[in-house]
Every structure is written in C-alpha cells, then in structure tokens.
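All chains should be built: construct the whole structure from the sequences, respecting the hints.
Protein chains: 2
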Amino acid sequence: MAKRVSHKDSLCGVARPLDAIGDWWSLLIVRDAFDGLRRFGEFQKSLGLAKNILSARLRNLVAHGILDTVPASDGSPYQEYVLTQKGLGLFPLLVALRQWGEDFFFQPDEPHVMLVDRKTNQPVRRLELRAQDGRMLMAEDTVVVAPPESGSR
Amino acid sequence: MAKRVSHKDSLCGVARPLDAIGDWWSLLIVRDAFDGLRRFGEFQKSLGLAKNILSARLRNLVAHGILDTVPASDGSPYQEYVLTQKGLGLFPLLVALRQWGEDFFFQPDEPHVMLVDRKTNQPVRRLELRAQDGRMLMAEDTVVVAPPESGSR
DNA sequence: AAATCATGGTTTCAAATTAAAACCACATAT
DNA sequence: ATATGTGGTTTTAATTTGAAACCATGATTT
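Going line by line, the protein sequences match chains A and B. Everything in the first sequence is counted per UniProt numbering, starting at 1 for the first residue and increasing by one. Everything in the second sequence is counted per UniProt numbering, starting at 1 for the first residue and increasing by one.
By construction, these hints were calculated from the structure, which means they are not laboratory data. Treat each hint with caution, since some may be false.
Since the list gives no way to pick one copy over another, a pair counts as held whenever it fits inside one copy or between any two copies.
[As the list claims (entries may be wrong)] Listed below are the simulated EDC-like cross-link pairs for lysine to aspartate or glutamate, each with C-alpha atoms no more than 20 angstroms apart in a straight line:
no. : residue 1 : residue 2
1   : 51        : 133
2   : 86        : 103
3   : 86        : 32
If you want it as structure tokens, here you go:
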C-alpha cells in the first residue's frame, strides 16, 4: 500500500502530497466530501466504484489525515467521513483542477457545472498566482529554489 | 488505456481533467517540464520510473494535448517534449499542490524547496480564491451549481 | 420470534496494470 | 571495427484493480 512514488528517499514538495492523496479516486472522494457527502454509501453511489476500492481509499485518506471518521450524526450505528483541516486545505487544488477543466475540456458553449459564490450566486474568480507585491505571475516568472543550506553540511 | 474514471458517461468538470492527466507520474512529468526538462532521459533520471512507463505516460500526455513533441533543439536526432498551452494551464494546480504540501507535509522548521518570484526572489503569495467583488472565499462560501437547463428539455 | 432488508463493509478471484530487466535501433565517438 | 549514449519496445513476473459474492449488524416487517 505504501507505493513509492519517487526514487529519492525523501519525497519532494509535490510528490509528497501526491503520495498522500493516493490516486484519482481519492481526489474524487474528497471533492464529494466538499459537496457534503459523508457516508460510505453516498460516496459509492456518487462515484460508482467498487466497494472494496472505496473502502481502501477511505481508509487511506483517513490514515493520511485527510478525512476523519466520526460517529454518525443521525443516530444510525455507522460512521461518517468528514474532511479534516488538512482535507479542507485541498480546496484550492480542486478549484484549480476544475478551472483547468473548464478552460480545456469543454466547448466554449458547452454547459457545465460552475463553482459560485454562495452569497451572490456569481461564479468565483479565477485563481491567480501573485508575487508579494501583487504582480500576477505566470509560470515563467517563477523558479523553484532549494532551501538555504543549513550550516552543518 | 482509456480507463474510465466515472460511471457516468459524461465525466464531470473535475473527473474529466483527472482522466486526461492520467496518473500521478504524469503530473510529476509535467512538474519537471515546468522546471525546464524536455528530454526522455532527463525525465527518466529525475523521476526514476521505468522506461516503458515513462514512454507510455509521455505518449498519453501528448495524446491529450498537454505535451507536444518537437524536433530536438540541439541538433541531436531526437525529439523533445514541451508543454502546450493546455499543459501550461496546469501551473496553478501544481502551485496548489505544492502549497498544500508545504502546509501539511513539512515540520514548521523543516527546510523545503520554495517557489519564488524570479524578479525579486521572494516566495510567491498563497493562492487565494476570491469572489467577483474580491472577497476571499473559503470552501463553505461556495457551491457547485448545475448549468441552466437549456430550453429543449 | 422469524424472516427480510439496508448499510457498511471484507473476501475471493479473474483481469488489467505496472515495474524491472533485457533487448533493439540509431547515431556518434574511439 | 568497437564501444557508448539516447530513446525507446518487448517480455515477463508481481501488484493492483474491479466485480461479485459473502458476511455482520441493526432496524423492519410479518
């Protein structure tokens, strides 16, 4: 189950999160969790994946602290799966994924679901990466830099 | 190779992009491409994945229009893999992933690579989702809504 | 009380995918 | 002529997946 996603023994800042999420199914589960789904059966119906796989994915997400199990809210003797803070932290990633999807996977006139501001019912703005001083940054305007070498080596 | 990621025949706005990317390896390839890698061998050395898998992933990314192959820039008789516009569009997603990783996968004092503004060498700002009017939005402040039913049914 | 049903899983097993290694083709260098 | 580097493909075994069957628990019907 602990599939190594990189040959380096310490996973980098991108690979480490990927490793925790596990796979695409897991991300769809998380998305459904953002949509308010909490029960095993709800996820299964929504995603249509095999129960054993769902079971494994939920277990993995819980193990990685993305979901947490809580004793059912409605008296039923089962448990529910809810997003932790860590899980909630995936929101921007899901938005990024959705916006990319809107940009490149739909015809300009093709109808698709939209993420809207609850208060105004307006679609949300696009995610934008900005510098400290507020300038918008494209990919070419950035570099990944190594952490400053600590003194001991 | 066309693995169905959802039981619904039309994939939703999140599942469709996931389906195109393919798997985690592909996303790491894309990240390396953002870092300037272009050659088969570079990707293989950087990621340490089996050559047949890399081959398949590259092919898939090209098939989905995320990478494009161009005749080698340096005279060598090989080809190079470069990001298309669609591929470049994945930048925010990678940033989101990286920031989530920084938030939850490193000790507060653990050193890690950083994404910085080329011009100032300052770390970039956090991605923030905002409403049209500029208010910052948390997950709970948003909903996903279905497209307006077109008249014909 | 007994039988039935709903939920939330686990187990079993066949099929698909992945990974490691060997192999190959082409070009350049020695 | 031989070796070496690049960019793959093929072969084969191991792992993962997914469908279906099974099971346990509690609630519901008869």
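Cross-check of the supplied hints:
no.	hint	in the structure
1	51 <-> 133	neither (49 angstroms within a copy, 43 angstroms between copies)
2	86 <-> 103	between (27 angstroms within a copy, 8 angstroms between copies)
3	86 <-> 32	within (16 angstroms within a copy, 26 angstroms between copies)
Of the numbered hints stated above, the single one contradicted by the structure is hint 1.
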